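Model the placement of chain Z on the given structure of chain S, informed by the hints.
2 protein chains.
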Amino acid sequence: MQAAVLSIGTELTRGELFDTNAGTLADRLTALGFEVVRMQTVDDDLGRIVATLRELAASPVRVVVSTGGLGPTSDDLTAAAVAEAFDAPLERHEATLARIAQIFASFGRPMPPNNEKQADVPRGATILPNPVGTAPGFSLERDGTLFFFMPGVPREMDAIFEDSVKRALGPLVRPSGHQIRLRTFGLTESELATRAEALFADVPDVTLGYRASFPEIELKILARGDDPRECEERARALAQKAREALGDAVFGDETTSFPAAVGEILRRRGLTLATAESCTGGLLSAMLTEMPGSSEYFLGGSVVYANRAKTAVLGVSPETLRAHGAVSHETAQAMAEGAREIVDADLAVSITGIAGPGGGSDEKPVGTVYFGLAARGRKTVSFHRRFRGDRERIRTLAAYVALRLVKRAAEGEDLEAP
Amino acid sequence: MQAAVLSIGTELTRGELFDTNAGTLADRLTALGFEVVRMQTVDDDLGRIVATLRELAASPVRVVVSTGGLGPTSDDLTAAAVAEAFDAPLERHEATLARIAQIFASFGRPMPPNNEKQADVPRGATILPNPVGTAPGFSLERDGTLFFFMPGVPREMDAIFEDSVKRALGPLVRPSGHQIRLRTFGLTESELATRAEALFADVPDVTLGYRASFPEIELKILARGDDPRECEERARALAQKAREALGDAVFGDETTSFPAAVGEILRRRGLTLATAESCTGGLLSAMLTEMPGSSEYFLGGSVVYANRAKTAVLGVSPETLRAHGAVSHETAQAMAEGAREIVDADLAVSITGIAGPGGGSDEKPVGTVYFGLAARGRKTVSFHRRFRGDRERIRTLAAYVALRLVKRAAEGEDLEAP
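Chains as they are written, first to last, in the numbering used here: chain S, 4 to 421; chain Z, 4 to 421.
Chain S with its partners taken away, still in its complex shape (with noise of 0.2 Å):
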């Protein structure tokens, strides 16, 4: 069954807000089953939200997923031009107004004059409700085709996709196979394409596909075929077989991130960790505490930006920083030792690196990074990496190099350059 996915904003159009929505929309559309024909951003001008509706009714997609236009102010026009486009007069749906305001109460404010108009919704239309803001989405039905507004604020489509809009598909298409998603960290996307197409290049109907979301990318291997509990073994023993090949780049399935996955190996294994962090200034520690229970095995991390601090917080000696310099194999082994015996933590990863763009030498160019190790009762280890890109990029890939490497230690492995 044909979808398509429409995007309402001048933000979006203007290139002010990068459109994470479509993307997100089309894979979950793609993994319920759907073929996504069609992807489209329209601006906030009433006229051509209403033709493009009016284009996507006629259309042969059957199913039109649409994010945006339903916030408070002036320019959020998509409620109005679902009006129009279908004749479908906006009404006020009282039960609606009335969870608005209890948010608002809730924050002990009184509502804004405007977030009234959040409550208005196309006549016939069936409220999908937003667990996490004020806009509930709405779904409706024209010439055959099934239309679904949700608000363009990621997590809040997110919250309503997965609450409302998943459970009103499901029924309309048959899955056509069973999917499974491995995470894996430290391939390209052309080397893991490569790996796993040599792999399942003699397996009948599986269709492989990729999701690259900096600095993770996803394999998805999909099990085609009309049974779903054959396919879904069939999924099961391919994944598995992926796993085998692919070896520790393959972190987690589905929805665990990388700093997610190592924080549950150090808690079921019951270590601690602490962190000493320079270029990285505080990333790593930030991803490892996203998780709830985090302070189970994260007991802290130092942000040494400068020398002194260097030499205050962890006791990293002047006589290193003035015969190695901060970025070295010498002070990144200080770095860690410091952080771990500071609050005696089972181990301790340390990061000091040129970001970037300035900073750099000829000796040590911008990218250049070092990582240090430091375990209780085994000898304190220092690696060195070279990263390309720009300052955002060479951190992230600064902050993952340091959770491989905390994983490997976690797991009891011999260390290797990360």
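Quick caveat, the hints were computed from the structure, so don't treat them as lab data. No experiment lies behind these values; they were computed from the predicted model shown. Take these hints with a grain of salt, some might be off.
Derived DEER-like restraints, expressed as beta-carbon distance ranges [what the hints assert, rightly or not]:
no.: 1; chain 1: Z; residue 1: Asp123; chain 2: S; residue 2: Val206; range: 34 to 42 Å
no.: 2; chain 1: S; residue 1: Pro295; chain 2: Z; residue 2: Pro231; range: 47 to 55 Å
no.: 3; chain 1: S; residue 1: Glu119; chain 2: Z; residue 2: Val176; range: 33 to 41 Å
no.: 4; chain 1: Z; residue 1: Glu322; chain 2: S; residue 2: Arg112; range: 34 to 42 Å
no.: 5; chain 1: S; residue 1: Glu58; chain 2: Z; residue 2: Glu165; range: 27 to 35 Å
no.: 6; chain 1: Z; residue 1: Asn117; chain 2: S; residue 2: Glu119; range: 27 to 35 Å
no.: 7; chain 1: Z; residue 1: Arg112; chain 2: S; residue 2: Val206; range: 24 to 32 Å
One-sided and incomplete, this derived list gives chain Z residues near chain S with beta-carbon spacing under 8 Å [said to hold, decoys possible]:
no.: 8; residue: Thr197
no.: 9; residue: Tyr213
no.: 10; residue: Ala312
no.: 11; residue: Arg391
Sample of chain Z residues at the chain S side, in silico, Cβ under 8 Å [unchecked claim]:
no.: 12; residue: Thr76
no.: 13; residue: Gly212
no.: 14; residue: Gly255
no.: 15; residue: Ser298
no.: 16; residue: Tyr308
Every residue, glycine too, gets a C-beta built ideally from N, C-alpha and C.
Structure of chain Z alone, referenced to chain S:
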């Protein structure tokens, strides 16, 4: 003048690759003075690409900029679709073929036969040379609409756009006014809209827009008109009026994030900063170090997740922790003082709270956060806030409120509750 952006590729409609080209092109076209009214993505299906091209030629847009589908493989169909849609048969462009063969020769490899098709372009098209890859782009006019086709590889698209497309488009547009963007933190989108709309209710020829990028919200003020100089002057005056009315909710113009704006204030005043974080886990220091050059003012931070880290790293006394708890005025103040003293910073800010979802109590529910601020020669102060929302939202808001506290302290203001 109206423009459209077209992206071609099944990897996009399956959600396997996020389309960065569309947003980039929307931004570039807007900057040139075009009104982008439509962005569309179509899968690698000859019939649907042909239909989309004909629709666009018949629509009011005068310029279409397209990426994707110019590669050497069998699912690269853009040139064939253009040929069919516009009755312009493919013709081999010998100079292009020679150039592709030469690129392969320079790698010491024979040209694969597949690549020959990259030299086939629709009759009447103008070649847009590709300085960084094998596939050239091409442009062609149909029914008063100018079409540009470029490869989907972002750096190739980028190079062709800069070298050829921009030059061809420049003479077509006159800017329609002057826009200024003000970035704000501390008001909700509807509060901002209510206040801005009241402020400019009687002002003619001005368009207001908003862009939320949590937790920041941008107010866009467009002074419409034909005379660029007059529009710019008027936009500046309106922006100044908005700044005065909105007070310190406005923290910057255009592309400066709040962390960057606060960093800039510190840099300008020659002040140094240290941080001490518990529930935000390093998020604040990661934000502060996103900007190149942040080492000028940011000395370091401590992420003291466990109580033993609060004591060992920052000298928070076990008695304080026992008597008042880790989430308290007393601990927040001790953390800020410890963080300031250990690296001898001018200012230090601390955050300690309950980000959830677990860990709350009746007295201190999830979302309860204490902030401390220590400044050289001033009395240490602390504040208490309660945030709503999920873990990510609470952490982000807490980091931003801490930044606002730093901003006020750096500007020498009396510190009231942030």
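So, going through the hints one by one against the coordinates:
| no. | hint | in the structure |
| --- | --- | --- |
| 1 | Z:Asp123 to S:Val206: 34 to 42 Å | holds (35 Å) |
| 2 | S:Pro295 to Z:Pro231: 47 to 55 Å | holds (53 Å) |
| 3 | S:Glu119 to Z:Val176: 33 to 41 Å | holds (39 Å) |
| 4 | Z:Glu322 to S:Arg112: 34 to 42 Å | holds (38 Å) |
| 5 | S:Glu58 to Z:Glu165: 27 to 35 Å | holds (33 Å) |
| 6 | Z:Asn117 to S:Glu119: 27 to 35 Å | violated (59 Å) |
| 7 | Z:Arg112 to S:Val206: 24 to 32 Å | holds (30 Å) |
| 8 | Thr197 | holds (6 Å) |
| 9 | Tyr213 | holds (6 Å) |
| 10 | Ala312 | holds (3 Å) |
| 11 | Arg391 | holds (6 Å) |
| 12 | Thr76 | violated (13 Å) |
| 13 | Gly212 | holds (6 Å) |
| 14 | Gly255 | violated (15 Å) |
| 15 | Ser298 | holds (5 Å) |
| 16 | Tyr308 | holds (5 Å) |
Consistency note: the structure conflicts with the earlier hints numbered 6, 12, 14.
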